[in-house]
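First to last, the sequence lines map onto chains A and B. Heads up, the first sequence is in the working numbering, so the first residue is 105 and it goes up one at a time. Heads up, the second sequence is in the working numbering, so the first residue is 105 and it goes up one at a time.
These aren't lab readings, by the way, just hints derived from the structure by calculation. Keep in mind that the hints are not guaranteed to be accurate.
No distinction is drawn between identical chains; accordingly, a pair holds when it is met within one copy or between any pair of copies.
[As the list claims (entries may be wrong)] Derived DSSO-like pairs (lysine-lysine); straight-line CA-CA distance at most 27 Å: (1) Lys253 - Lys159; (2) Lys251 - Lys225; (3) Lys251 - Lys262; (4) Lys251 - Lys221; (5) Lys194 - Lys159; (6) Lys208 - Lys144; (7) Lys159 - Lys251; (8) Lys225 - Lys159; (9) Lys221 - Lys144; (10) Lys225 - Lys194; (11) Lys253 - Lys221; (12) Lys270 - Lys108; (13) Lys251 - Lys223; (14) Lys194 - Lys208; (15) Lys223 - Lys253; (16) Lys144 - Lys225; (17) Lys159 - Lys262; (18) Lys262 - Lys144; (19) Lys262 - Lys108; (20) Lys144 - Lys264; (21) Lys270 - Lys194; (22) Lys264 - Lys251; (23) Lys225 - Lys253.
There are 2 protein chains.
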Amino acid sequence: MTSKIMSYSYDEYIELVRSFHGFPAPGVLIGGFMVDLAVKNLPEGVLYDALCETKTCLPDAIQLLTPCTIGNGWLTVLPLGRYALSLYDKYTHEGVRVYLDEAKMGPWQEVRNWFMKLKTKQEQDTERLYREIQEAGQDMLSLRPVKLKPEFVQEKHKGKVALCPKCGESYPVSDGEVCLGCQGSDPYF
Amino acid sequence: MTSKIMSYSYDEYIELVRSFHGFPAPGVLIGGFMVDLAVKNLPEGVLYDALCETKTCLPDAIQLLTPCTIGNGWLTVLPLGRYALSLYDKYTHEGVRVYLDEAKMGPWQEVRNWFMKLKTKQEQDTERLYREIQEAGQDMLSLRPVKLKPEFVQEKHKGKVALCPKCGESYPVSDGEVCLGCQGSDPYF
Ligand SMILES: [Zn+2]
Ligand SMILES: [Zn+2]
Chain A
105 MTSKIMSYSY DEYIELVRSF HGFPAPGVLI GGFMVDLAVK NLPEGVLYDA
155 LCETKTCLPD AIQLLTPCTI GNGWLTVLPL GRYALSLYDK YTHEGVRVYL
205 DEAKMGPWQE VRNWFMKLKT KQEQDTERLY REIQEAGQDM LSLRPVKLKP
255 EFVQEKHKGK VALCPKCGES YPVSDGEVCL GCQGSDPYF
Chain B
105 MTSKIMSYSY DEYIELVRSF HGFPAPGVLI GGFMVDLAVK NLPEGVLYDA
155 LCETKTCLPD AIQLLTPCTI GNGWLTVLPL GRYALSLYDK YTHEGVRVYL
205 DEAKMGPWQE VRNWFMKLKT KQEQDTERLY REIQEAGQDM LSLRPVKLKP
255 EFVQEKHKGK VALCPKCGES YPVSDGEVCL GCQGSDPYF
């Protein structure tokens, strides 16, 4: 029994993930159930932002299924290494946090092996892993209400910009006399 | 005269941006021309990663038009506040950097007003801004070859994971005795 993931059937969602993420990664599939659970536990019609506690896989589920993307600023990735996300009201900063709960993985040992990295990729029973993800759905997730601390709510940058006197490119004046790249963070040789 | 943006017509790209980003933001439209220019200047068939020097708008153009997303780890966002991106060979780390070049904006003053924040949203001539973006296409971009410093090439996390003794959630053991959230970075009250 598979419930839908937002407005998509499970198979439609797999195709969506494939086209965006490159392949139907287990983490993005589970992420679909996580987003769906979070959205269903928000008050209807609320305008929400998203916070994702890992860089791996989960941000893509959020970007595919909600209005929140990296580029529009409604999704913040805070790399804490936890497989968890929260959706919260843009104005009150209250919302819900959903995480993948190891304590609920008893019936789904291949998911647990994958999640806890107990097997190498070669040892992994991929077919069983995918079957368990679909069977488990939201049953291995946990949820709690949260309120975000103000320092973690993304502020839109509204300050002045100028041309950096060193590299000549536009940059936020609040960063200093020259741009952050010219201050030593330039990633290129 | 508008060239295509990757495999899309300009109008198709606008619709794609609308569905993902929420609205056809000027920055994502210009970003489309930037990605297209960068890809065309890579050797054919090369497997590339992406680095984006701003959090604003541009990451979405990269995610829509290349295989690189936040969640699959092929896109790194390094928030330097510069409207620039680079695509580089996954193995040699050599590639091209494309940036929006203020020095080339002479014929497109409304783009310049938007880019340098010289007008308020109310003063902005939106119709003219969109017309100029389409007219300019790649003519306000500059490009140079780059090679990335090793410390900016994203390393995939391959270490062990364990359950955090404090919050009980899975986390990378290399982060310490407890997870980063429990070390004080928890974003919630
Ligand atoms: Zn600079
Ligand atoms: Zn913890």
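query: When the hints from earlier in the document are held up against this structure, which numbers fail?
result: Violated hints (numbers, rising): 2, 4, 9, 11, 12, 13, 14, 15, 16, 18, 19, 20, 21, 22 and 23; every other hint is consistent with the structure.
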